[in-house]
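Asks: All chains should be built: construct the whole structure from the sequences, respecting the hints.
There are 2 protein chains.
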Amino acid sequence: MKKIFFTPGPSELFFTVEEHIKEGIRNNIYSISHRSNEFKIIYEECVSRLKDLLSIPNNYNVGFLSSTNEIWERIIQNLILEDSGHCVNGSFSKKFHDFALLNKINAKSYSFDMKEYIVDDIPNTHELLALTLNETSTGIMCSREKISEIRSKIKNSIIALDCVSGIPSIPFNINDVDTFYFSVQKCFGLPSGLGVWVYNEKCLEKHLKIKEKKITGTYHSLQRIHEMSLKYQTPETPNVLGIYVFSKVLKDMMNIGIDNIVRDTNYKSSLLYNTINNHSDLDSFIKNKEIQSKTVIVANCKNESDMYINAMKERGFILGKGYGSGKNQIRIANFPTHSKEVFELLCDELTLIK
Amino acid sequence: MKKIFFTPGPSELFFTVEEHIKEGIRNNIYSISHRSNEFKIIYEECVSRLKDLLSIPNNYNVGFLSSTNEIWERIIQNLILEDSGHCVNGSFSKKFHDFALLNKINAKSYSFDMKEYIVDDIPNTHELLALTLNETSTGIMCSREKISEIRSKIKNSIIALDCVSGIPSIPFNINDVDTFYFSVQKCFGLPSGLGVWVYNEKCLEKHLKIKEKKITGTYHSLQRIHEMSLKYQTPETPNVLGIYVFSKVLKDMMNIGIDNIVRDTNYKSSLLYNTINNHSDLDSFIKNKEIQSKTVIVANCKNESDMYINAMKERGFILGKGYGSGKNQIRIANFPTHSKEVFELLCDELTLIK
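In order, the protein sequences belong to chains A and B. Numbering follows this note's numbering, with no gaps: position 11 of the first sequence is 11. Start counting at 1 in the second sequence, then tack on 1000, and there's your number in this note's numbering.
In short, the hints are calculated from the structure, not lab data. Do not take every clue at face value.
[Said to hold, decoys possible] In silico DSS-like cross-links for lysine-lysine, where the CA-CA straight-line distance does not exceed 30 angstroms:
| hint | chain 1 | residue 1 | chain 2 | residue 2 |
| --- | --- | --- | --- | --- |
| 1 | B | K1003 | A | K40 |
| 2 | B | K1211 | A | K95 |
| 3 | A | K213 | A | K108 |
| 4 | A | K104 | B | K1251 |
| 5 | B | K1213 | B | K1153 |
| 6 | A | K287 | A | K146 |
| 7 | B | K1209 | A | K108 |
| 8 | B | K1108 | B | K1094 |
| 9 | B | K1251 | A | K22 |
Replies: What follows is the structure, encoded as structure tokens:
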């Protein structure tokens, strides 16, 4: 039976990925040198498409890294000298805070648990403030308006927005943040192993200001990433397959249109939350509709979550488990590759499981 | 026309890679969770096959990272507190030394230029000594005997062997080194984006001894990599496609047999060196046969190297350029995927180009 993955990443491949991977093999893309003109064209095209799809302003640049874990580490090394603030509402925002502590940063954590960010609780004093667009572990979303509200108060800090499992399905105003990042195995439906780091000139200035005062890395110092990106290259031999296929998927998404992707995401998430709320065994983990994630929907289960996961698996639908041990939850991804039809089918089947 | 890549990495894909990538798509491998049992089995199998193919002793462990550049950085962070020694005979061994300096390590460089390592020149005092099995930039190889000779003198230092473009074609005694590493886009013929780090208990002990005294990283500290590897997982979402296909290629290479791979490598390299030495326009860059690389053959060119590269390209053979600007050289990879027949054809064609 054909399986469909609704796991929150790695997830179902974007529906064109298989063909792009094969085309890459046919065209020897995975054999070309990462210093060749052929690769530079792939790199340039990929960045240009990403900027087009997301309407990224000209003062932002794009670097390719290997994972979001790596980008957390590079942000800490390159943009923070002494102190950072982390708005925590789940395991991944907490992990970024933990990483800062491991780097001997005086990192403060502001815990919002299952709640919306409260702007008054966030001080305007940190070198860098870390926010999360979409917490993949808890299914908490931060609205565009909330991010703008925070920016209007926090003028001096570099604001870093974790967009894993958010981009391109959950829109926000890019000018409200100085850097944002994501990995490609979530909404973009690619094989894992590629992280994307977008940063503006404020980040570059900060990096240059602190780079003599601490160790800012080697091949992936921001300066090195930036210098090489101006030549459409990476310092190291990168995941060429990832960059090539990402570029192709970006083109496909431009053809679909970002507005259509966002509208379909909203439709499908409403459908699923309705299904969950009308289900006698299931209950939305996040009650406040303002912060219910559109892309990672988390539900508490009356019985063992494995029961629902296994029953759906038998029908060909692969759901995610709750994040962390002992969570009696299911997590369901709503990514651009999941069509409305498939989501309706998912909801119909989920209704029958009791 | 079908092209064949003789570039020293990324290079021609191993001849089974296309089918393995496609099989991975068919079996949803790139959608499964990296925390699932399915992934753990892939991880465990991959490590077990690598240990079998290379006869890696039981006191060595394997970690998956994103590139050799990253492994250099992790070695410096995790295994060196204050000082290291680097035997330099090309651009890549020099880069490792540069990385150590960037990390404020008191790193000494021992330059051997185009020469063999001279054991008497290498002191026995460093915390870590960096050697290179095969310098991809210059085509200099280090023999198994030379590594053993160095080990017999250097008892206390951790010996780190760079095996990029060497493993599995150039054999050495693993017990002579404490850690070695490589990336998969060279001899293994995989798409780029995966680095493999092998380390023994001496490395782990050293890491635990120094980890309180410095910043040893976050998700990829050796301790974290090691803890997760014992559960057949990586700390971050890894390049699952890379690990899956690598495991399949390892199985294929075990079926061919490591002895056959090494024998064919030797035969093909002899053929190519003969062709170069009998060519009126070409000349081996490395004259001393003891250190002529078996896997990356570098030749000086009488005329512009582009002339030879372009002429061969018209015939479907993609050669590498000299490494670094202004080098009037060609570099030709001799990897396991290049058959004897294809190498004979390459040599025949090369002979005709003048």
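Asks: Indicate, hint by hint, whether the structure satisfies it.
Replies: Taking the hints in turn, this is what the structure says about them:
| no. | hint | in the structure |
| --- | --- | --- |
| 1 | B/K1003 - A/K40 | holds, 20 angstroms |
| 2 | B/K1211 - A/K95 | holds, 19 angstroms |
| 3 | A/K213 - A/K108 | holds, 21 angstroms |
| 4 | A/K104 - B/K1251 | violated, 43 angstroms |
| 5 | B/K1213 - B/K1153 | holds, 29 angstroms |
| 6 | A/K287 - A/K146 | holds, 18 angstroms |
| 7 | B/K1209 - A/K108 | holds, 28 angstroms |
| 8 | B/K1108 - B/K1094 | holds, 11 angstroms |
| 9 | B/K1251 - A/K22 | holds, 22 angstroms |
Hint 4 from the earlier list is the only one contradicted by this structure; the remaining hints agree with it.
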